[in-house]
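Just so we're aligned, residue 1 is where the sequence shown starts under our numbering, counting upward by one.
Hints listed in this document are in silico derivations from the structure and should not be mistaken for laboratory results.
As the structure is a prediction and not an experimental result, all values here were calculated from the model.
Be careful, since some hints might not be right.
Within a straight-line C-alpha distance of at most 27 Å, the following computed DSSO-like cross-link-like pairs (lysine-lysine) qualify [as the list claims (entries may be wrong)]: (1) Lys-423 - Lys-522; (2) Lys-498 - Lys-267; (3) Lys-168 - Lys-207; (4) Lys-105 - Lys-92; (5) Lys-300 - Lys-356; (6) Lys-114 - Lys-171.
The following label-pair restraints were derived from C-beta to C-beta distances [what the hints assert, rightly or not]: (7) Leu-229 - Lys-409: 48 to 56 Å; (8) Thr-373 - Pro-341: 38 to 46 Å; (9) Ser-292 - Lys-91: 33 to 41 Å; (10) Val-304 - Asn-381: 45 to 53 Å; (11) Val-128 - Pro-232: 21 to 29 Å; (12) Lys-267 - Thr-230: 20 to 28 Å; (13) Val-234 - Ser-33: 51 to 59 Å; (14) Val-304 - Ile-184: 34 to 42 Å; (15) Asp-155 - Val-128: 19 to 27 Å; (16) Lys-240 - Ile-384: 30 to 38 Å.
Ideal Cβ placement from N, Cα and C applies to all residues, glycine included.
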Amino acid sequence: MKRIACQMMCTARGEQYAHQTTMLILEQLRDYSWDAKAVIVLAAFALEFGKFWQLAHIPRDKLGQSLAELNGLQSIMENIQHLANFNNLVKKIVQVVKCITDWKKMITAEYNVKDVPSLTDTLHEIPVLAYWTISTLVTCTSHIDFLGDKGYRYDLSKFDYKLDFILKNFKDHQDKCSTQIGQIEDYSRRKDIITSIQTDTQIDIVKFLEALIIPSYSQDSRPIVYNGLTGPQVALGEFKNKHVLLFISGLDHIDNEIQLLKSINAKLKEEPNELEGYRKEDFKILWIPIVSVWDEEQKKKLDVTKVEWYVVKEFNFQTGIDLIKEVFNYKGNPIIMLISPEGKVENSDAKQIISKWGIDGFPFRTSDHTRLTQQWNWFWNEMITLSPIIRELIKRDSYIFIYGGTNTKWIQDFTTAVEKLKKNETLTLEEETTIESYPLGRDSPKIVPRFWITIDNLLASRKLTKKGSEQVQDSTTREIQKLMFLKQDPLGWAILTKGSHVKLLGHGDAMLRTVTDFESWKGTMHNEVSFDVAFKNYYDKCKVKSVPPKCEHREFANYPTDILAHIPCPNKCGHEMEVSSVKYMCCHGREASDIA
1 MKRIACQMMC
11 TARGEQYAHQ
21 TTMLILEQLR
31 DYSWDAKAVI
41 VLAAFALEFG
51 KFWQLAHIPR
61 DKLGQSLAEL
71 NGLQSIMENI
81 QHLANFNNLV
91 KKIVQVVKCI
101 TDWKKMITAE
111 YNVKDVPSLT
121 DTLHEIPVLA
131 YWTISTLVTC
141 TSHIDFLGDK
151 GYRYDLSKFD
161 YKLDFILKNF
171 KDHQDKCSTQ
181 IGQIEDYSRR
191 KDIITSIQTD
201 TQIDIVKFLE
211 ALIIPSYSQD
221 SRPIVYNGLT
231 GPQVALGEFK
241 NKHVLLFISG
251 LDHIDNEIQL
261 LKSINAKLKE
271 EPNELEGYRK
281 EDFKILWIPI
291 VSVWDEEQKK
301 KLDVTKVEWY
311 VVKEFNFQTG
321 IDLIKEVFNY
331 KGNPIIMLIS
341 PEGKVENSDA
351 KQIISKWGID
361 GFPFRTSDHT
371 RLTQQWNWFW
381 NEMITLSPII
391 RELIKRDSYI
401 FIYGGTNTKW
411 IQDFTTAVEK
421 LKKNETLTLE
431 EETTIESYPL
441 GRDSPKIVPR
451 FWITIDNLLA
461 SRKLTKKGSE
471 QVQDSTTREI
481 QKLMFLKQDP
491 LGWAILTKGS
501 HVKLLGHGDA
511 MLRTVTDFES
521 WKGTMHNEVS
531 FDVAFKNYYD
541 KCKVKSVPPK
551 CEHREFANYP
561 TDILAHIPCP
571 NKCGHEMEVS
581 SVKYMCCHGR
591 EASDIA
């Protein structure tokens, strides 16, 4: 450092000499980084400039006057303006060196040039900036001894202008780098929240949604969430302590998804309010439509959907879109995810379970698909045992009507109606909608009592299961109870399945009406997701129009004493059934005398 200081002090005045010394110093420091070169030369300059100021501040007594004359500082007060200009240039050099050291910290943070493209521009400019910094320091050092000379008039302003110009360009690129790095860090922070990686922030559904859709920078337009397309604007606090079905899609080819969610949105408002230990009112649908540009055409497409759930209008927050593509693997195809109140993704593909099961898939967790699939294993195991042809029907993944009862006329009417339905032109043109039927006892009348005895025994054995049994077993018990109550219908009963997926357990009269009236409701299949959804919707209407409900009852014989448990009514009312000896009865919240 002292050697470099001496080289600079001994440099003659003039740009060519300053250039020669600068190149010599750069050669000597060739093994150092650009920031280290600048700092070392600045430190060497400080050795000499510090000595100058130390002498300049000595009191002007006789000894001080002698030291000033000895070091050529006797006329320093006459050059006070030039000294001020000199000091300003030195301050600017310090500022430049700080920029260089900040740049060094930036590039050693292991940011990829691909992610921070402005780093490339700074890499090109840093040698120029370092050269002019060192060259200016060389020139300033060579002038220190002349600052006290009487009549000193050397103009250093051109170095001032040069550094200003270079520094401005460099700072512009550096600011861009800082912005790009800030965006990377912001993206990383948001990603940690969305993927539930441990952070200092307490994560919940509101924080999750904020990380996904709310920009950090004022220059980004702030997305607005509305309660329905024509509803009021809402804050994200609206979703606190809620489960969110997060629907992400474009605006083209989403009719199926829209109708699917419209159906679910309507069902979430119906009774019963609680299923599987969850309240329907705690589930909200939030739609984030993503398009390249929100022009008038796209806005019209959004308005046409006429959805009544929560919507993020004109979402164009690029960081959020990038997160959706990376974290949720969104590639343009519609996705529906279930997010818990704690901000955890409970089901990354809730669309699958909603499509297959509708509201029966509630609360739409990944485990619910397993639950729904397994809870009917008992039924199919018994059906396949009784009639191997059932296995073939399941493999075809067709819609299957399995039905039976004690009323011969109803069975004949239902068989005729189903056969007519199979031949309907609307369904024959639909490749995915093929109808099969299987009346219980078709192979042999002996099958019927054996089937019900087996189911009866199965229910009895399940009632002996401990209270701590798994959720799937609890659901299975409820389904067995529903089937046993359905058996009591004096006309008959029918089950509609799609392959092995049971879609509907129906009472005789309403099921017959629904099949018979296909021409009346087939048009809704263009608006509904599938045949079974349209079928169930019409069935529910027919069931309401049926005769007033009779008390549901179920009698048990030869059951152990602990069968006297609380059993909810399998009907829609959900009331707890009264127990009379070993006979269970439910009048749906009304007096038995009030019901026919």
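These are the hints, each one checked on the structure:
1. Lys-423 - Lys-522: holds (14 Å)
2. Lys-498 - Lys-267: Distance of about 20 Å is within 27 Å: holds.
3. Lys-168 - Lys-207: Violated, because 39 Å separates the two Cα atoms, which is more than 27 Å.
4. Lys-105 - Lys-92: holds (20 Å)
5. Lys-300 - Lys-356: violated (31 Å)
6. Lys-114 - Lys-171: Cα-Cα ~20 Å, so holds.
7. Leu-229 - Lys-409: 48 to 56 Å: holds (50 Å)
8. Thr-373 - Pro-341: 38 to 46 Å: Violated: the Cβ-Cβ distance is about 26 Å, outside 38 to 46 Å.
9. Ser-292 - Lys-91: 33 to 41 Å: Violated: the Cβ-Cβ distance is about 49 Å, outside 33 to 41 Å.
10. Val-304 - Asn-381: 45 to 53 Å: About 47 Å separates the Cβ atoms of Val-304 and Asn-381, which means 45 to 53 Å holds.
11. Val-128 - Pro-232: 21 to 29 Å: At roughly 57 Å between Cβ atoms, Pro-232 and Val-128 fall outside 21 to 29 Å, so the hint is violated.
12. Lys-267 - Thr-230: 20 to 28 Å: holds (22 Å)
13. Val-234 - Ser-33: 51 to 59 Å: Given range 51 to 59 Å: holds, Cβ gap about 53 Å.
14. Val-304 - Ile-184: 34 to 42 Å: For Val-304 and Ile-184 the Cβ distance comes to about 38 Å; the hint holds.
15. Asp-155 - Val-128: 19 to 27 Å: holds (23 Å)
16. Lys-240 - Ile-384: 30 to 38 Å: violated (48 Å)
In terms of the numbered hints stated before, the structure departs from hints 3, 5, 8, 9, 11 and 16, listed from lowest to highest.
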